[in-house]
Amino acid sequence: MTRVLSKSVLGFTMASLLVGCGATNLVSTPIENIDTTPLKISDLSDAEKRNWGHLDLVSDTIPGMSVDKAYAEIIKNKKGETVIVAVLDSGMDLEHEDLDGVLWTNKDEKPGDGIDNDKNGYIDDIHGYNFLGDSYNEQLEVARIVRLKLGDAALQSKAKAEVEGEYNKALQQKQQYEQIFQAVKNADAAVKKELGKESYNAKDLASIKSTDPNMQQNVGILTQMLTYEDSIPEVMEQIEEGINYFSDQANYNYNVDFNGREIVGDDPYDINDTDYGDGNPQSRSKDESHGTHVAGIIAAERNNGLGANGVANNVQIMSIRAVPNGDEYDKDIALGIRYAVDNGAKIINGSFGKSYSPNAQWVYDAIKYAADKDVLFVHAAGNSGEDLDDPANPNFPNDQVNNGPEMSDNVITVGALAPKYGSEMVATFSNYGKVNVDVFAPGDEIYSTMPGDEYDFQGGTSMAAPAVAGVAALIRSQYPKLTAPQVKKIILESGLTPRAKVILAGDSAKTGNLEEISKAGTMVNAYNALIMADKVASGKLKL
9 MTRVLSKSVL GFTMASLLVG CGATNLVSTP IENIDTTPLK ISDLSDAEKR NWGHLDLVSD
69 TIPGMSVDKA YAEIIKNKKG ETVIVAVLDS GMDLEHEDLD GVLWTNKDEK PGDGIDNDKN
129 GYIDDIHGYN FLGDSYNEQL EVARIVRLKL GDAALQSKAK AEVEGEYNKA LQQKQQYEQI
189 FQAVKNADAA VKKELGKESY NAKDLASIKS TDPNMQQNVG ILTQMLTYED SIPEVMEQIE
249 EGINYFSDQA NYNYNVDFNG REIVGDDPYD INDTDYGDGN PQSRSKDESH GTHVAGIIAA
309 ERNNGLGANG VANNVQIMSI RAVPNGDEYD KDIALGIRYA VDNGAKIING SFGKSYSPNA
369 QWVYDAIKYA ADKDVLFVHA AGNSGEDLDD PANPNFPNDQ VNNGPEMSDN VITVGALAPK
429 YGSEMVATFS NYGKVNVDVF APGDEIYSTM PGDEYDFQGG TSMAAPAVAG VAALIRSQYP
489 KLTAPQVKKI ILESGLTPRA KVILAGDSAK TGNLEEISKA GTMVNAYNAL IMADKVASGK
549 LKL
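According to the numbering used here, the sequence shown is numbered sequentially starting from 9.
To be clear, the hints were calculated from the coordinates, so they are not data collected in a lab.
Virtual Cβ for every residue (Gly too), placed ideally from N, Cα, C.
It is possible that some hints are incorrect.
Label-pair restraints from in silico Cβ distances [claimed, not checked]:
#1 Leu314 with Ile279: 22 to 32 angstroms
#2 Thr491 with Glu245: 40 to 50 angstroms
#3 Tyr377 with Asp160: 49 to 59 angstroms
#4 Pro488 with Thr113: 31 to 41 angstroms
#5 Asn85 with Glu249: 36 to 46 angstroms
#6 Asp283 with Asp382: 45 to 55 angstroms
#7 Asp397 with Lys57: 51 to 61 angstroms
#8 Asp220 with Ala169: 41 to 51 angstroms
#9 Lys509 with Glu249: 28 to 38 angstroms
#10 Glu81 with Gln190: 52 to 62 angstroms
#11 Ala197 with Gly129: 52 to 62 angstroms
#12 Ser516 with Asp220: 35 to 45 angstroms
#13 Glu248 with Val66: 20 to 30 angstroms
#14 Gln190 with Ser293: 25 to 35 angstroms
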């Protein structure tokens, strides 16, 4: 479906560049606020919903990355070189129908023999490595600070107050969600009986003219619920997700008596204790879906008739299981980065983050190691709707300390866009920051792979980062001589720069344009990035 911009004034955010012999122009950006009727996800066709992040702003008025346009007009049948992208995340479904053909395989290792055949320090690491062993549910780092008495007295006091407050809040929220779920369930059953059918809509509810106060209350509850989702089963699914989320917070994340690491058997605060984990980064359950979803955004097999298309072709995904259902450990992240670098990854996607990092220097050193080896690290900005430039809102890992100069030039931090160009195009949950967030990319309501050969929508900056990692993989595949810093600069400088003021954190009183809330002030655009990459690679453009 093609839409016409409500204001047709278009302008260029940079000089128009030509590439090759085909006179391909950079996409231009609408420079006026076209947000007279904001586009919502419900306005899209099913095909657009599943693929909106790949669409084109100018032709579709959807703030995608022009991926489909890039394939149709630039990449076409150009194969490029294979690029290894490490997904440093929860485990992956290595047998997924849309991912099994793009897995990195360590050909120097013999599966299942219990021997480190390639002498890389890791046994049976066929498709990556698992730094979590059999653990998954975990505390947040702030709860570990309380449990293990990490840091000084001031840090422990701050952590204790936060944990107690959040733990009690989680219990209250869990109870409220359970009450809502029961009320909706009872109302649903009563209305089905009243209507004599198993499915109904808002019009059906409005047709009920009962004088029974209980039935009137049931209709009122369900009518309100249908303002949140299109059907009551979808509402109940969302409520159940809320119950599970707050249950996890109370049972694991903020529970100071829980120790999810015990089963692993290592000391997670000793960087020299490296004899742990195993060579199987397979996800352990359907609930462990994050890594699978992220991997699909980067590299789900394209145009194979299955559920989703990844951004990049000619990619091999290296799975590194290091992010639990809670906060990741600094040691696992540092060793995971080094594993990826040492085993051939050219891009690492890190869709994780936390507010406390007792051993942040281990991760900083690993990022610098990656920089020395010309490896790009793409990181999610986080989902708290906060300004990361405010010292009160840290998000680890980052590439500088106290808003100072970058310690390395190989990190891209990504905020999330929603599929509605104009004032609401920055996802309500996305963090932002002129210093700490580099660019924005599609991250809300993203359709991708899920464990068990399934597919679903998820949202977060966790989804925006792999979109950018996919664009980086396209560039490194087509132009393998470009360095990680060059790829970073191309992605930042080739994006579109909308002039619209955007609402931040869903608060209409807080607004700014992308140039005020990110370093580059741009929306990542694969089409433009490949044009610019060609110019840089051929020596026609200096960054």
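Item to check | Numbers of unmet hints, in rising order | outcome: Result: hints 1, 3, 4, 6, 7 and 13 break, sorted rising.
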